[in-house]
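Each chain, letter by letter, is given below.
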Amino acid sequence: MSEVRVNISGDSMWPTFPDGSQFLLKPCPFEELSVGDVVLAQHPFHSTVRIVKRIQNIQDQTVFLVGDNPDPLASEDSHNFGTVHHEAILGRCEPIQE
Amino acid sequence: MLVLNPRIMEDTPFTLIEASAHCDGPCGVYDPASARVAGEAVQSMTKKMLALEYPQVFSSESMASYLNTMSRYAAIKEEEAQKCKKELLVLWTDFFKPMHLEAHPELHDTFWQAAKLCSACKVEVSAQHAQELMDAIESIHNMFWAVKGREVPWIRAS
Numbered sequence: 001m002s003e004v005r006v007n008i009s010g011d012s013m014w015p016t017f018p019d020g021s022q023f024l025l026k027p028c029p030f031e032e033l034s035v036g037d038v039v040l041a042q043h044p045f046h047s048t049v050r051i052v053k054r055i056q057n058i059q060d061q062t063v064f065l066v067g068d069n070p071d072p073l074a075s076e077d078s079h080n081f082g083t084v085h086h087e088a089i090l091g092r093c094e095p096i097q098e
Numbered sequence: 099m100l101v102l103n104p105r106i107m108e109d110t111p112f113t114l115i116e117a118s119a120h121c122d123g124p125c126g127v128y129d130p131a132s133a134r135v136a137g138e139a140v141q142s143m144t145k146k147m148l149a150l151e152y153p154q155v156f157s158s159e160s161m162a163s164y165l166n167t168m169s170r171y172a173a174i175k176e177e178e179a180q181k182c183k184k185e186l187l188v189l190w191t192d193f194f195k196p197m198h199l200e201a202h203p204e205l206h207d208t209f210w211q212a213a214k215l216c217s218a219c220k221v222e223v224s225a226q227h228a229q230e231l232m233d234a235i236e237s238i239h240n241m242f243w244a245v246k247g248r249e250v251p252w253i254r255a256s
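Protein chains in written order, with this note's numbering: chain A, 1 to 98; chain B, 99 to 256.
Source of the hints: derived by calculation from the structure; they are not laboratory data.
Values in this document were obtained by computation on a predicted structure and should not be read as measured data.
Even for Gly, the Cβ is constructed at its ideal location relative to N, Cα and C.
Errors might be hidden in some of the hints.
Unchecked claim - The calculated label-pair distances, taken between Cβ atoms and stated as ranges, are:
#1 B/W243 <-> A/T16: 37 to 47 Å
#2 B/M147 <-> A/H46: 30 to 40 Å
#3 A/T16 <-> B/T167: 57 to 67 Å
#4 A/E94 <-> B/D233: 12 to 22 Å
#5 A/N80 <-> B/P196: 13 to 23 Å
#6 B/E151 <-> A/D19: 39 to 49 Å
#7 B/V188 <-> A/Q61: 38 to 48 Å
#8 B/V250 <-> A/G82: 15 to 25 Å
#9 B/Y152 <-> A/P70: 53 to 63 Å
#10 B/R248 <-> A/E94: 44 to 54 Å
#11 B/S132 <-> A/P15: 21 to 31 Å
#12 B/Q226 <-> A/T62: 54 to 64 Å
#13 B/V127 <-> A/Q59: 15 to 25 Å
#14 A/H85 <-> B/V221: 28 to 38 Å
As the list claims (entries may be wrong) - From chain B, some residues computed to sit far from chain A (all C-beta separations above 12 Å):
#15 I174
#16 D192
#17 S256
Build the full structure now, drawing on both the sequences and the hints.
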């Protein structure tokens with residue numbers, strides 16, 4: 001299987017990851033995810049939308065996802081849609097080593 | 099499950115998928131035009147107040163008419179200046195984000211001065227401050243459309 005990269009569209013991860021940043025997508029068992037990881041997740045309310053967010057909290061089988069942007073209006077995340085189930089996590093985003 | 103609707107990049111050894119990192123709320127409906135219209139009304143009422151001549155013939159009727167007209171101009175100026183300030187504050191605090199300061203470091207000061215000018219135009223009958231308010235709104239118009247990546251000319255209704 002070829003390498004999978006994730007292209008970020010939007011500013012919710014600014015300033016750490018500006019619009020257009022790319023990551024490697026790595027499959028990752030839920031048990032190995034940690035607070036602070038950047039993950040690709042399925043949007044809970046929009047089946048065709050995948051989102052990139054940072055894990056702020058892990059509790060039971062759910063995670064609380066947030067954007068890095070300090071502006072409260074700059075990120076649609078768990079503050080809006082609540083925690084997401086672990087099955088919605090599609091993988092961990094890791095820096096591209098080139 | 100891992101890759102949904104992948105976009106296979108030609109000539110690249112990897113698969114690229116798009117992920118949203120967008121904001122909450124209806125980002126696309128902001129427009130400084132609403133502040134501009136209110137600002138134009140402030141300037142128009144200011145000019146009308148300064149141009150309104152005192153009655154040549156003093157009478158109860160002429161004074162009542164004069165005061166009524168002047169009061170209406172003042173009331174509209176007050177209302178539109180407040181509306182202008184509200185529209186500017188919405189743009190400032192909701193539309194513009196911290197990353198926009200990189201390209202427009204003057205953003206905060208421009209909005210602060212514009213909001214102050216709204217207040218000044220309420221307190222005073224100043225053609226100078228009304229013009230400075232319009233100049234500030236024009237600057238905000240230019241920053242707004244630069245952020246949106248579009249060239250939208252500054253057009254006045256009056």
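Between B/Y152 and A/P70, does the C-beta distance stay in 53 to 63 Å?
About 55 Å separates the Cβ atoms of B/Y152 and A/P70, which means 53 to 63 Å holds.
Does the Cβ-Cβ separation between B/Q226 and A/T62 fall within 54 to 64 Å?
holds (59 Å)
Is 30 to 40 Å a correct range for the gap between the Cβ atoms of B/M147 and A/H46?
violated (52 Å)
Assertion that B/I174 lies farther than 12 Å from chain A (Cβ)
holds (32 Å)
Range hint 44 to 54 Å: satisfied by the CB atoms of B/R248 and A/E94?
The hinted range 44 to 54 Å is violated for B/R248 and A/E94, with Cβ atoms some 35 Å apart.
Range hint 28 to 38 Å: satisfied by the CB atoms of A/H85 and B/V221?
violated (56 Å)
Quick one: work out the minimum CB distance from B/D192 to chain A and report holds if it exceeds 12 Å, violated otherwise.
violated (6 Å)
May I ask you to test the hint 38 to 48 Å on the CB atoms belonging to B/V188 and A/Q61?
For B/V188 and A/Q61 the Cβ distance comes to about 39 Å; the hint holds.
For the pair B/V250 and A/G82, does the Cβ-Cβ distance stay inside 15 to 25 Å?
Hint violated: Cβ distance 38 Å, outside 15 to 25 Å.
12 Å Cβ clearance of B/S256 from chain A:
It holds; B/S256 is separated from chain A by about 33 Å at its closest Cβ, greater than 12 Å.
For the hint 21 to 31 Å, verify it against the beta carbon of B/S132 and that of A/P15.
With a Cβ separation near 30 Å, B/S132 and A/P15 satisfy 21 to 31 Å, so the hint holds.
Can you let me know if the beta-carbon spacing of B/E151 and A/D19 is within 39 to 49 Å?
Hint violated: Cβ distance 57 Å, outside 39 to 49 Å.
Violated hints for the displayed structure, listed by number in ascending order: 1, 2, 4, 6, 8, 10, 13, 14, 16.
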